[in-house]
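Using our numbering, read the sequence shown as starting at 3 and increasing by one per residue.
What the hints contain is simulated information worked out from the structure, not anything from laboratory work.
On a predicted model such as this, the values are computed, not experimentally measured, just so you know.
Careful, some of the hints might be misleading.
As the list claims (entries may be wrong) - Beta-carbon label-pair distances, calculated as ranges:
no.	residue 1	residue 2	range
1	G116	P216	44 to 54 Å
2	W138	P216	14 to 24 Å
3	A130	T17	36 to 46 Å
4	V188	R107	36 to 46 Å
5	D93	R186	28 to 38 Å
Glycine included, each C-beta is placed from N, C-alpha and C at the ideal position.
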Amino acid sequence: MTSHPRPDHDDARPTLTVDRYRPGDRDALYDVCLRTGDSGEDASAVYADGDLLGHLYLGAYLALEPELARVLRRSDGVAVGYCVATASTPDFERRCEESWWPPLRDRYAPPAAGDESPDARLVRAIHAPSRSDAAWLAQYPAHLHVDLLPEAQGGGSGRRVLEAVLDAVGDTGAPGIHLGVGGRNVRAIGFYEHLGFRTVEHQPWGLTMGMRLPRR
Numbered sequence: 003m004t005s006h007p008r009p010d011h012d013d014a015r016p017t018l019t020v021d022r023y024r025p026g027d028r029d030a031l032y033d034v035c036l037r038t039g040d041s042g043e044d045a046s047a048v049y050a051d052g053d054l055l056g057h058l059y060l061g062a063y064l065a066l067e068p069e070l071a072r073v074l075r076r077s078d079g080v081a082v083g084y085c086v087a088t089a090s091t092p093d094f095e096r097r098c099e100e101s102w103w104p105p106l107r108d109r110y111a112p113p114a115a116g117d118e119s120p121d122a123r124l125v126r127a128i129h130a131p132s133r134s135d136a137a138w139l140a141q142y143p144a145h146l147h148v149d150l151l152p153e154a155q156g157g158g159s160g161r162r163v164l165e166a167v168l169d170a171v172g173d174t175g176a177p178g179i180h181l182g183v184g185g186r187n188v189r190a191i192g193f194y195e196h197l198g199f200r201t202v203e204h205q206p207w208g209l210t211m212g213m214r215l216p217r218r
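From just these sequences and the hints, can you work out the full model?
Shown next, in the form of C-alpha cells:
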C-alpha cells in the first residue's frame, strides 16, 4: 500500500494526539486502511471483504511490530490515522511467512483462475506476497506505511505521526528507511522530499523513496 498524506498546513482543524498503538485500536485502524485504500480515497465500495486490505497492508505490523506503530487520535480517543513500520524488511517478511500468512491462507482459498475482482487480486497477494531484494535495501532496510483519514490531514498531524515513527525506528539502529508512493500523488512526493526522502527506484505504480536515519 502506498502512502497518501497531504502536505501539512495550518488550519482550523482540532489538534490530534500522536499516541502508541493499543490492541483495542485494531478495528478502527483497519477501517482507516479501507477508507484510504483507493489511492487515498474510500475503498469501501471496491472490496466485498472490507478486511482484506487491512490483512494485507496493516495487520502484520500491528501483530509483529506493535512497538513501532503510532496512532493519531481525536480528543475522544478514536483513531483517525496511523503510521506503522518495521526496522528490517527481510526479517519482517520472514516472520510474516512463518506466522502471519499461514492462517490467512487457510481462511482465504486461492481464487479461480479467471477471477480478476479486486478481492481476488488481494487474496492472490496473500498466497504469493512480494519479496524485497533490491540492491538499495542494505541502505534502507526499514520501511513504513502511513494512512490518514481526511480529518487527520493538514495541521501538521501527518508530519508529527510520521516523525514519531522515524524516531522509533531510528532508536532500533536501522540505518535507513523506505516507503512507496503513487506516481500521481505529487503532493505526497513533495511532502516526503521536504522531510528528507529521496527517490531510490522508479516502479510501474510510482516511486520507492528512501531516507538515511541518524545514528543513535
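Taking the hints in turn, this is what the structure says about them:
1. At about 51 Å, the beta-carbon gap between G116 and P216 stays in the expected band of 44 to 54 Å.
2. Separated by about 18 Å at the C-beta atoms, W138 and P216 satisfy the suggested range of 14 to 24 Å.
3. Remark: the range hint 36 to 46 Å for A130 to T17 is upheld by a beta-carbon distance near 43 Å.
4. For the pair V188 and R107, the beta carbons lie near 37 Å from each other, so the given range of 36 to 46 Å is met.
5. Look at D93 against R186: about 32 Å separates their beta carbons, and that is inside 28 to 38 Å.
The structure shown violates none of the earlier numbered hints.
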